[in-house]
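Produce the complete structure using the sequences and hints provided.
So the chains spell out like this:
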Amino acid sequence: LAKTTQPISMDSYEGQEVNITCSHNNIATNDYITWYQQFPSQGPRFIIQGYKTKVTNEVASLFIPADRKSSTLSLPRVSLSDTAVYYCLVGGNTGGFKTIFGAGTRLFVKA
Amino acid sequence: EPEVTQTPSHQVTQMGQEVILRCVPISNHLYFYWYRQILGQKVEFLVSFYNNEISEKSEIFDDQFSVERPDGSNFTLKIRSTKLEDSAMYFCASSGASPPERNEQFFGPGTRLTVL
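If you're matching them up, the sequences are chains L and F in order.
Numbering (my numbering) for the first sequence: 73 to 183.
Numbering (my numbering) for the second sequence: 302 to 417.
Worth flagging that the hints you see were computed from the coordinates, not collected in a lab.
There's no promise every hint is true.
Stated by the list, open to error - Stretches of chain L that chain F covers, calculated by requiring three or more beta carbons in the stretch to come under 8 Å of a beta carbon on chain F: (1) 85-96; (2) 172-182.
To be verified - Beyond 10 Å from chain F on every Cβ pair, some chain L residues (computed): (3) 75; (4) 79; (5) 82; (6) 100; (7) 124; (8) 133; (9) 139; (10) 144; (11) 146; (12) 150; (13) 153; (14) 154.
None of these values were measured; they are calculated from a predicted model.
The beta-carbon is built from N, C-alpha and C at its ideal position, and this holds for glycine as well.
This is the structure we're talking about:
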């Protein structure tokens with residue numbers, strides 16, 4: 073399984089765009105990149121998933137360069153409620169799918 | 302919107318006792334998972350389950366742990382003889398049938414296990 077590296081924490085202000093970058097140098101050909109969000113005392117929640125280029129949904133965008141060795145989660149116009157831990161996961165779709173969460177990035181959004 | 306449910310929300314037990322944590326995954330999902338998260342630490346994978354058998358397990362998932370899908374709807378995690386270090390939040394998750402959807406896991410609210 074590819075190892076991921078993310079910043080430990082980030083600060084932002086309400087209304088700003090936040091970009092969290094994840095490095096995954098050993099990503100395999102069949103690996104997808106998935107981001108989860110976790111609030112205190114809650115289970116992780118799926119945000120977005122991609123394989124290459126750009127993916128956008130109602131919550132976030134995911135930018136993946138051509139070499140796929142990194143990815144950037146972009147949260148537009150964050151609010152206080154976006155304060156959470158954000159996890160980048162890299163994994164394939166072989167049988168079983170052992171899911172490894174890293175330490176994640178703690179995002180603090182200030183008023 | 303369908304969701305994963307877990308019971309109980311909080312379980313307190315004495316060291317050495319057996320506990321069973323229960324989960325009801327989303328009804329048409331085929332892949333099931335258990336994770337644990339010790340307070341202040343990261344989410345740790347325990348086991349994945351598909352087609353009525355364990356697909357993968359971590360080194361944490363030793364002989365004290367077992368999983369079962371007894372009736373086609375519930376998915377349980379049993380800890381045979383609890384230790385103090387088993388105190389954690391336990392999350393159940395499920396995901397759909399086809400890749401890449403299998404990567405989109407839906408997590409339950411968790412069961413907080415306290416071992417005294």
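Cross-check of the supplied hints:
1. 85-96: Check failed, 0 qualifying residues.
2. 172-182: holds (count 5)
3. 75: About 13 Å separates residue 75 (chain L) from the closest Cβ of chain F, which puts it past 10 Å; holds.
4. 79: Consistent with the label, residue 79 (chain L) stays out of reach of chain F, its closest Cβ about 15 Å off (over 10 Å).
5. 82: holds, 17 Å
6. 100: At roughly 14 Å from the nearest Cβ of chain F, residue 100 (chain L) sits farther out than 10 Å, so the non-interface label holds.
7. 124: Answer for residue 124 (chain L): holds, closest chain F Cβ roughly 12 Å.
8. 133: Nearest chain F Cβ is 17 Å from residue 133 (chain L), so the label holds.
9. 139: holds, 20 Å
10. 144: holds, 18 Å
11. 146: holds, 19 Å
12. 150: holds, 22 Å
13. 153: holds, 18 Å
14. 154: The claim holds: residue 154 (chain L) sits with its nearest Cβ about 18 Å from chain F, beyond 10 Å.
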